[in-house]
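As a plain string of letters, each chain reads:
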Amino acid sequence: MRLAPAAVLLILAAAAPAFAQTTRGAGGPVRAQDRFYIGVDFGVQSGGDSFSDSFTFPENAETARITAPYETKSGPLFGMFFDVRVWQYLSAGISVTGHASEGDAQVTGTIPHPFFFDRPRSFSADVSDLSRGESGVHLQLRALLPVSRSMQVSVFGGPSFFQVDQDLVTGVRWTEAYPYDSVTITSMMTETRSESGTGFNVGADVGYFMSRHFGVGGRVQYASGTVDLPSASGTGSIETKVGGLQAGGGLRMRF
Amino acid sequence: MKRLIASVAAAALLVVPLERGSAQGPSTLQIRATSLDDLRRWDSYVSARERAGELKIVRVDRDPSIAGRAIERLQQYHQGVPVWGAQVVRDASSGVAESIFGEISAPLTIATDPVLSLNDARTHLLDSAGATLLRQPQLVVLPMAGGEARLAYSGVVSSDGVFRVFIDAKGGAELLRYSEIQTQSAVGTGVGLNGDTKKLSMAQQAGQYVADDRLRPPSLTTYDMRADLGRLFSLLNGFVPFAPSDVASDADNVWTDVSAVDAHAHIGWTYDYYFKRHGRHGLDDHDRPIVTLINGVTPEGAVTLPISSQYSINAFWCDACGPGGVGTMYFGNGIPANYYLVSSGQNVVQLAGALDVAAHELTHGVTSSSSNLIYLNESGALNESFSDIMGTAVEFYFQTPGAGRAQADYLLGEDVFRAFRPGSVNGIRSLENPLAYNQPDHYSIRFTGREDNGGVHINSGIPNHVFYLAIEGGSNRTSGLTVQGVGAANREQIEKVFYRAFVFLLPANATFSTARAATIQAARDLYGATSAPAAAITQAWTAVGVN
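In order, the protein sequence lines correspond to chains D and G. Oh and the first sequence: position 121 is 121 in my numbering, straight run, nothing missing. So the number in my numbering is just where the residue sits in the second sequence, counting from 1, plus 1000.
Chain G with its partners taken away, still in its complex shape (with noise of 0.2 Å):
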């Protein structure tokens, strides 16, 4: 009805069609002084509006730069209401200013008389925005997008965060809100290693953008070391804290450095499928924070530094590194692109921009707070399989299935560890086929010396292989026995079973039997004695010799 009569009254009063009356509110004065002619006017003009009272000095402060001069800052106000946002600051010495700038608006003649009163006004923030009032409602002219300035009570509210909300003090509507959370998250892009521009939760912070993921569950941090070993090391032995300048860092939030981009959105997809797959939270199972450390060493440093290759070619899991022994993942910068390993013939780029060496990292720290598996001989190669295969899991979960780059597969670091010598491959292991990377696909001829913490990175190769067969199916080529595999269809069945088993089934000083015994309980836990999975797992097992 109150629309009825607003249109009949408008009807009345029209006997020609009138354009739609925006109404002109008031023009915004930017005062810039660019010259001392500029200086003097606006100066001027500052203090004619100051003496009739429509400017007032709200704060005072001492430059903190240049001695004896104070920085003034006038509030502009509308017969006593300030307008909203509206201030002057001149830099002065001895009363004689030196510089001015401000944004205020034109004389106003909006009228000052609300409707609502200040018990109507919290009444309407609580019911619009939220359940709790953080600041009392304030009476403002808050000058309109539009141009047109509206008499406005400002609060602050609490609701989903914390917002402060205008709204109108004639009919209580609401006319802007916006987050009073000075850091919060920023959403930014950034070109990955394989050329790929990835989404990256960031936050923003005094007037730039860290890499501080502020949108998953738990603290996802990933630090720029900058090249300085020096820093890193001390980082790593936690003999310093991390300092807010360590945090990776852009102006834009369209993020170039490649570690830092494939680093942390790598990690946060991590995260991610350990949740969605397996309703996990992270390391811990209870959002413990997750560290990563970048860029401790440049591809050039890598071959002139006299540094263990550990920094390079290389990314690691540290449970006991960090600041308080928080934990750390490292990734490395890889070498110069006209290098190559003597040993694989093969060129390494950073090692970040493989979503399934990141996995693999991240996993061991799920291991380290689960099962910790104990780094040695057979434990240890299952701890290190357990990486590899959840690498892959995570791979094929985000990659579309292929043999490219940023493509799902069951080769482990093929994005970064490139074919360069003739002749050579890419990737350092393969699940499907262990024998083709050096490693044993059977356990009759499984490494059985002390190099490599008893072969923790050689005898993966056969539990990994356990993890292929069980889901694609096929011959064991040592033993030629057969699988019949769930089908990749199906994989994510196998992914649990693992998962299962290695977090919550095994012991720490666990052996290749008794991982074969836990996968094959944790099938039948979750699918039963007689399910494809039991059968696959049992199968695979048995194909590669471990009964």
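Excised from the complex, chain D in its bound form (with noise of 0.2 Å):
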């Protein structure tokens, strides 16, 4: 994540000589021309955050007591954006992003057993293919630097709203026998829980044009922000992080 920035200055540092070359080889300043700019992208999202969730629920006149880590994988991201030229190379636009991954849990928990008191049966069960997809609107005030007729960069940047949607444990099933000193968890329920946030995005985008229109391109971007989600408890809340650095390319067209 630390490494986004870097990325972001990497790429303009990489736009800043080819914008120069261009200016001088064509004998003037490439002028914005064009009012619209959209752009569809495939591309990754990294992970890496992780988050931690717990809840109790009374079971044998006791508490039992779960306890489920969270981590969020890369995964694939589908983004388009939607810019208006509002005056000289700046323009302000729209994207939203859609990111999903698939990850694992080790859940761990104590269930109370049934004839004593303070002897919890504790386990650890592993569960898999926990979902989480993240839906991101970014606003974005954009500066074009135009390399040439054929190719243009531009940074952006501005807010984020984010929607997540991650598949939580919120219960237990589980099998024993007597004498009960051990319980088998035999699987997990799990509900999506949704909720939304804000945050920043910052990045830079490369298109270049084969004709007058249309093009390909790449945009990096990180977006960042926080979202509160409902624990499985039932009260509270467990923050995760959302966003992270995206990377992908597509099709772009001007008009």
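No wet-lab data here; the hints were simulated from the structure. Every residue gets a Cβ at the ideal spot worked out from N, C-alpha and C, and that includes glycine. There's no promise every hint is true.
Residues from chain D shown here face chain G by an in silico Cβ test under 7 Å; the list is partial [as the list claims (entries may be wrong)]:
id, residue
1, 60
2, 61
3, 114
4, 115
5, 178
6, 179
Which bits of chain G does chain D cover? Going by a derived footprint, with three or more residues having C-beta under 8 Å, they are [as the list claims (entries may be wrong)]:
id, region
7, 1212 to 1218
8, 1376 to 1389
9, 1517 to 1531
Starting from the two chains in their separate frames, assemble the complex, guided by the hints.
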């Protein structure tokens, strides 16, 4: 995650000399002519954040305690943006991204003994295929750096709004047999918890146009925010970071 | 990928962040007619819904209490699909409502076309819930806890129990499950004689909790005689069968009857000890039902009723007692707090409150089903001794060693036979010092009279002391001979030796000498001829003068 701002700067550094060369070669500045800039990208989003959720429930006249740690994984990313030039090389726009990943969790907990107080049965069980989906809406102010008539580089940034749909473990099922000194977890109950939050985004986009209106391009964006998901406990919330380093490429259109 | 597409779709639709959209489901209408106006209003409302086909009468019963009335049960439907559990009950006289109660959903908007077919639902129910489908899936509208309603299939499956399971009629995800077993185990709590809160394995039945252990393998039931001596005698003699009302019961599963709490818990623990320590399945190793009777007489009744002390300051096992000769244990309730026994100077409280006493009695049942030591003379003393030994072993298994209440020691019944008169002591026997309780600790001073079946409760002090010496070591006070015990950390070895010998190796008419040979053999079988347990057992019998 900490590499993201550096990556953006690298792209900017690479773009600046190219802009200078193109300006010299063409004998004059490239003018911003197009009003709209649209793109559709496929790529990946980084993962790496971890968070944990705990909940309890009454069982055998005591309290069962369950803890589930989660880790966000990298996964496919889909994004599209729409910009409108507002003045010179400045434009305002909106982009949306969607990211999905699946993760695992090693759930641990204790289930009270049916016959005795203070003799909880401990367990550890793995649960897989926990889905996480992130939707982002990013408002962006963009500065266009026209390298040439066929290539344009832009940098952008602005506020982001996220929605997260995260599968959380909300219960466990187990089997036990006399004398009940251990439990065997047979399955986990999961529910998708959804919540929204805010953050920011910065990034850079490179477009190469084979024709007047159509081309291809790539973008690197760092979007970050936090979302307080409703805990499986039914009370309180758990904080999860959303976004991350997002990179992708796809189609570009200007007109 | 499905989640990705969903995320993209959600993102594409968002232009400003939306708060998490909680689908506002149907609110529940609680129909409660507490006045005539309420009754008319709700009856009118229900009738309107009935005419609209949203409520249908599914059952009509004759009111059993008031002649001329009919009790109508109406089920809520949404587009022909029943709404799970949503019903109205109307008690009507000649068609005029007299009372009306219900819980139904406000008008629903959910679509009722399932994505899954009935066959798909069967497959999902079997995949997610168990191996056997006991009741075919039914399409229902399921009101969820969060307020929304879901179109679901409901079925009853058998897998580690019988459960009603609801799956989403669109995707097949499980939405809800609960046990269909109407009588089921319920872990309750209760405070025992010593003020310790215990867990109790009870059953929930007909709106109350009964002392019927559904978690342990055997039938383990505690019956409350409720101070009805006649009932107690009839049951002990097998004149009448047990009635459901004989089972100890409690309204909220937080038990306050000390005898019920301790008898039920301690007998369960003793079963656990035998299973965990010795791999034994109860009385006969085949989970013979364990029947316990309590509360035959109150403490006050013990001094006012012309009855034998057998039912007040005693606990006993009777192998042939009970309906059908099932075998029963009984625990007395002691005497009033300001009374004491003239013979010992002790006050006596609920005998089930002593773990060693409970284990002692259950062990009599074990002996009856195994070596069946004749309850006379030396074999009878061995019978008593084995119960004392196992009673002590169970104490040490579940309680921390110490001299206080509910602590493990080598005294018998110290928690319930309490010193009252100055100079009196707690308990009725000591494995560590039999002489202190007027028991012989050496064969040379054994009781040879005819009382007490030839001294079964007297001469038990001798093998009792063998057990103590083999564990703790030390000297016999009469012979002065010293024993190298295996140590408290290895008490399990000596317990297993005595269990093997007394349950499997002894004949019914065993003598102390036979018991010596059998326990030494058991030690050799289990740990080797030159093992510490074998040496300790041998030394201990020699120290008490049994060769």
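Now for the hints, and whether the structure bears them out:
1. Hint on residue 60 of chain D holds. Least Cβ distance to chain G is approximately 4 Å, under the 7 Å limit.
2. At a threshold of 7 Å, the smallest CB-CB gap from residue 61 of chain D to chain G is about 5 Å, leaving the interface hint in force.
3. The closest approach between the C-beta of residue 114 of chain D and any C-beta of chain G is roughly 5 Å, which is under the 7 Å cut-off, so the hint is satisfied.
4. A least Cβ separation of about 6 Å between residue 115 of chain D and chain G falls short of the 7 Å threshold, and the interface hint therefore holds.
5. For residue 178 of chain D, the shortest C-beta to C-beta distance to chain G is roughly 6 Å, which falls under 7 Å, so the interface hint holds.
6. Proximity of residue 179 of chain D to chain G holds as hinted, the smallest CB-CB distance being about 6 Å (cut-off 7 Å).
7. With a cut-off of 8 Å between beta carbons, the region 1212 to 1218 of chain G has 3 residues touching chain D; three or more are needed, and the interface restraint holds.
8. Counting residues of the region 1376 to 1389 of chain G whose beta carbon lies closer than 8 Å to any beta carbon of chain D gives 0, which falls short of the minimum of three for the stated coverage.
9. For the region 1517 to 1531 of chain G, the stated coverage by chain D is not satisfied: 0 residues place a CB nearer than 8 Å to a CB of that chain, which falls below the threshold of 3.
Hints 8 and 9, counting from the list given before, are not met by this structure.
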